Amino acid sequence: MLQFDILIVGAGGAGLYAALETSRRKGLSVAVLSKVYPTRSHTGAAQGGINAALGNVAPDSPEKHAYDTVKGSDFLADQDAVELMCEMAPKIIREMEHMGLPFSRLRDGRIAQRPFGGASFPRTCYAADKTGHVMLQTLYEQCLKNGVRFLNEWFLLSIVHNGERVSGVVAMDLRSGEIHGIRAKAVILATGGHARVYWNRTSNALGNTGDGTAAVLRAGLPLKDMEFVQFHPTGLRRTGILVTEGARGEGGYLINSKGERFMKRYAPEKMELAPRDMVSRAIETEILEGRGFKDDEGNEFVYLDLRHLGRKKILERLPQIRELAIDFEGVDPIEEPIPVRPTAHYSMGGIDADKLGRTPIKGLYAAGECACISVHGANRLGGNSLLDIVVFGKLSGEDAVNYVSETGFAPFDESEIKREEERIDSLFSSDGKEKLADLRSELSDVMSYGAGIFREEKRMKEALEKVREIKERAKHLKVYDGERTFNTNLQQTLEFLNLVDIAETIVLPAIERKESRGAHYRTDYPKRDDENFLKHSIVERGEDGELRLSWKPVVITKYQPEERKY
Amino acid sequence: MEKREVLFRIKRFNPKKDEKPYYREYRLTVPKGMTVLEALQQIKDTQDPTLAFRAFCRSAICGSCAVKVNGFPKLACKTQVFNELDKFGTDTLTLEPLDNMEVIRDLIVDWDRPLKRMEEMKPYLVPDPEVVPRTLDEESRVYPNELKKFDSFTDCILCTSCFSSCTATQLDENYGGPFQLARVYRFAVDPRDALKAERSKIGYAFDMWNCVRCNRCADVCPKHVSPVDGIMKLRGLSIEVGLKDNPGARHVMAFYKSLLESGMLNEVLLPLRTKGIKGVLENLPVGIKMILKGKAHSPVMKPIAEHETLIKVMKAAMEVE
Chain A
1 MLQFDILIVG AGGAGLYAAL ETSRRKGLSV AVLSKVYPTR SHTGAAQGGI NAALGNVAPD
61 SPEKHAYDTV KGSDFLADQD AVELMCEMAP KIIREMEHMG LPFSRLRDGR IAQRPFGGAS
121 FPRTCYAADK TGHVMLQTLY EQCLKNGVRF LNEWFLLSIV HNGERVSGVV AMDLRSGEIH
181 GIRAKAVILA TGGHARVYWN RTSNALGNTG DGTAAVLRAG LPLKDMEFVQ FHPTGLRRTG
241 ILVTEGARGE GGYLINSKGE RFMKRYAPEK MELAPRDMVS RAIETEILEG RGFKDDEGNE
301 FVYLDLRHLG RKKILERLPQ IRELAIDFEG VDPIEEPIPV RPTAHYSMGG IDADKLGRTP
361 IKGLYAAGEC ACISVHGANR LGGNSLLDIV VFGKLSGEDA VNYVSETGFA PFDESEIKRE
421 EERIDSLFSS DGKEKLADLR SELSDVMSYG AGIFREEKRM KEALEKVREI KERAKHLKVY
481 DGERTFNTNL QQTLEFLNLV DIAETIVLPA IERKESRGAH YRTDYPKRDD ENFLKHSIVE
541 RGEDGELRLS WKPVVITKYQ PEERKY
Chain B
1001 MEKREVLFRI KRFNPKKDEK PYYREYRLTV PKGMTVLEAL QQIKDTQDPT LAFRAFCRSA
1061 ICGSCAVKVN GFPKLACKTQ VFNELDKFGT DTLTLEPLDN MEVIRDLIVD WDRPLKRMEE
1121 MKPYLVPDPE VVPRTLDEES RVYPNELKKF DSFTDCILCT SCFSSCTATQ LDENYGGPFQ
1181 LARVYRFAVD PRDALKAERS KIGYAFDMWN CVRCNRCADV CPKHVSPVDG IMKLRGLSIE
1241 VGLKDNPGAR HVMAFYKSLL ESGMLNEVLL PLRTKGIKGV LENLPVGIKM ILKGKAHSPV
1301 MKPIAEHETL IKVMKAAMEV E
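Chains as they are written, first to last, in the working numbering: chain A, 1 to 566; chain B, 1001 to 1321.
No lab work stands behind these hints: they were computed from the structure.
Bear in mind that the values here come from a model prediction, so they are computed numbers and not experimental data.
For every residue, glycine included, the Cβ atom is placed at its ideal position computed from N, Cα and C.
A few of these clues could be false.
What the hints assert, rightly or not - EDC-like cross-link-like pairs, simulated, lysine to aspartate or glutamate; straight-line CA separation at most 16 angstroms:
1. K1003(B) x E297(A)
2. K313(A) x D296(A)
3. K1016(B) x D529(A)
4. K145(A) x E1025(B)
5. K91(A) x D1137(B)
6. K478(A) x E1138(B)
7. K91(A) x E1138(B)
8. K478(A) x D431(A)
9. K1003(B) x D296(A)
10. K435(A) x E1138(B)
What the hints assert, rightly or not - A partial selection of chain B residues facing chain A, derived with a Cβ cut-off under 10 angstroms:
11. T1050
12. R1113
13. L1115
14. M1118
15. E1130
16. G1242
17. K1257
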């Protein structure tokens, strides 16, 4: 059986930072397992930037960054974790800068910073509109430098633990199709988000299917704040592909069919740079009230207008956005406004972890978007996700190094391997009454209807019923491809089954959270209710397969909840 | 909305099972705007679940889905079916795996060889203690004009399109490869790097002089990177650090000298200056034919009109670089 001191699952920003941290300690055996080659990871799709109170453009401080983050979270973030992240931000930015990350620069050679939504100052460090891409490349380069071992194109199937300590994972080598148990003293999950639940309209990569999150759920461990899913205000009309908040940070306008900058009615002060949950609701309201546009395919949208920024600025700061708009919408933003609409984007909820990434199982960590620490609470601010992944990737790597140096391997129950083999075998022999593409699309429609930008009790309850029905019907999915080598039919089926597991954990707490907070907006309870709901939701799956909901207090240090106005 | 009936010819191969690759045909009704990747997924969803291809971000940043579309490497996710049909004046698209790499299955190729190659070429910053601060209390200063020198090369998404169409890669086992050499250059001109121009020695060791400047790497790059530009500049750096005594450097210097002397390329002296007597002997049969056909010029050439101006232009160009 393969065996490592530390196994990192996922090779995006969090996974690679954890790997770098562990590679500094000589003599440890560490591997990074990923279902894609490292630089394919979705960190690379992050465009606009990463927040840190460097104060290079305007005076700033980690305290102000923390306050903005807590306020942006609608006071659901754990403030000790937020303070830690914001305090570490300037140093970790410089650390990556010292690794060669090609940040855009000010004339005096220092790192440039741009304004972003919900931030009081220009605080977002960036590399044009490809910040995540260059960050991922830089971290990968450093991992090569440090000789990190990669298991590329391996797919996580399950997490093995004995109720107290982690023993390792079961995973499939996609190239050979073989299923392996991998023993490890510590496992760091850095498997990314799950917004692919909203399959038909999301900014996420095809593989952001919450594989780690679903495995944690199946392993009987808690997920936190799953009802909170961020819809990014500006996805491209047809595809939902991301148009960075940096486009508005650089001065872009949102325009309705009356030609108005409608944000003046929703956030008169911050306008287009209000937090994402507010801007997304504003766009949807404009469309609902008949002030949107409609194309002949029936797509509804508003315009993101960058024309007044001028050719030079667009080419220099937003070159990739221009390409995407040309390639995917046939629109050159220098000449025409870009048609946009909100798109499912970010999972605030995830694996319940503390501020060192620790889960209730010793040796099992979670970092990055798959984790809920929580630093984003009910709504994440733009530029804080890249920061979250590197800070908590680093911290969980550090803590794992300390943990494994004092501990041995836990016994590995090999029947877990057999169980996964059987689960997969059954997919080949099912009756095939249901089709993957149809179910995937149905799940997406149900989730958008019941757990989208606007929510209410009746629709959510219908959605829960429907998700449970889809879960039953999914038992009839069949894998038709009988080959072992790179069986993408099998992989896509397994990914969908993960999405179905996750969908239920989003809707259940959403029904019970009878208030509006951040991205969770209920038309039947439009006000925030701190008295009853200033708390994290926890979902676990019991032995009987039923979900159980409980609550956990929010950590408040110095920022008392107040009304959120922008 | 406009729709077209399209025939997709897709190259299939499972080395574990098939003796040799074969083509399978799929017919699909394609609406305007549909990408090659969406078409592939639709074929997989509705006609043939066994079709194997890679895809991830579907927004042209992860580099997973590069395949050959009618012979040219493309990111399937950002390539619209109609555009390709119109370009080729056809209703058929042939989809094949990238070249220069082994096929794992259907459109999926083995990236390990090109990535391993890059790994051997120090593709990471080695910080210069003179520039990169020792503590995390400060950042290094990089001025916008310095960033400009290497910024475009950081756009590379490792999709291996350039590698797949590189002619030098086909012929020379030891050749570094376009995206790999371009990354060597990217660090060679990063002011934070300790190795700086010395990195060109890595390029030299990996046969950068074997690039034939066919420009295919730049033509096919979906991110508009021009690896060949990086390779040419890396060659220049190698001459600066003293790697002059080799055919490649001598060839370039011979061009340069010719231009300084006359403003014209002296093709008679070129083989001698590049490869010495051996070069002359090698080129003798061609040379004799040229003389017989009256195509050869005298080894002594008269400077062109306005030679002085040309020299000024050359000097100015050197300063800019």
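Tested hints:
For the given pair, K1003(B) sits about 13 angstroms from E297(A) by alpha-carbon distance, which is consistent with the 16 angstroms threshold. Restraint check for K313(A) and D296(A): not satisfied, since their Cα atoms lie roughly 32 angstroms apart, outside the 16 angstroms limit. A C-alpha spacing of about 60 angstroms is found between K1016(B) and D529(A), which places the hinted pair above 16 angstroms, so the restraint is violated. Distance hint between K145(A) and E1025(B) is unfulfilled; the C-alpha atoms sit about 45 angstroms from each other, more than 16 angstroms.
With a C-alpha separation of about 7 angstroms, the suggested pair K91(A) and D1137(B) falls inside the 16 angstroms cut-off, and the hint holds. The straight-line distance between the Cα atoms of K478(A) and E1138(B) is roughly 57 angstroms, outside the 16 angstroms bound, and the hint therefore fails. For the hint pairing K91(A) with E1138(B), the CA-to-CA distance comes to about 8 angstroms; that is within 16 angstroms, so the pair holds. A distance of roughly 6 angstroms separates the Cα atoms of K478(A) and D431(A); the hinted pair therefore holds under the 16 angstroms criterion.
Taking the CA atoms of K1003(B) and D296(A), the gap is about 14 angstroms. The hint holds against a cut of 16 angstroms. Simply put, K435(A) and E1138(B) have alpha-carbon atoms about 56 angstroms apart, too far for the 16 angstroms limit, and the pair is violated. At about 4 angstroms, the closest approach between the beta carbon of T1050(B) and any beta carbon in chain A falls short of 10 angstroms, and the interface hint on this residue holds. Among the interface hints, the one on R1113(B) is violated; its C-beta lies about 13 angstroms from the nearest C-beta in chain A, farther than the 10 angstroms criterion.
Contact between L1115(B) and chain A, as hinted, is supported at the beta carbon level, the nearest pair being about 7 angstroms apart and thus within 10 angstroms. Taking 10 angstroms as the C-beta contact cut-off toward chain A, the hint placing M1118(B) at the interface holds, the least distance being around 8 angstroms. This hint is violated: E1130(B) has a C-beta 13 angstroms from the nearest C-beta of chain A, more than the 10 angstroms allowed. With its C-beta approaching chain A no nearer than about 26 angstroms, G1242(B) sits outside the 10 angstroms limit, and its interface hint is violated.
Restraint check, K1257(B) versus chain A: the minimum CB separation of about 37 angstroms is more than 10 angstroms; hint violated.
Hints 2, 3, 4, 6, 10, 12, 15, 16, 17 from the earlier list are contradicted by this structure; the remaining hints agree with it.
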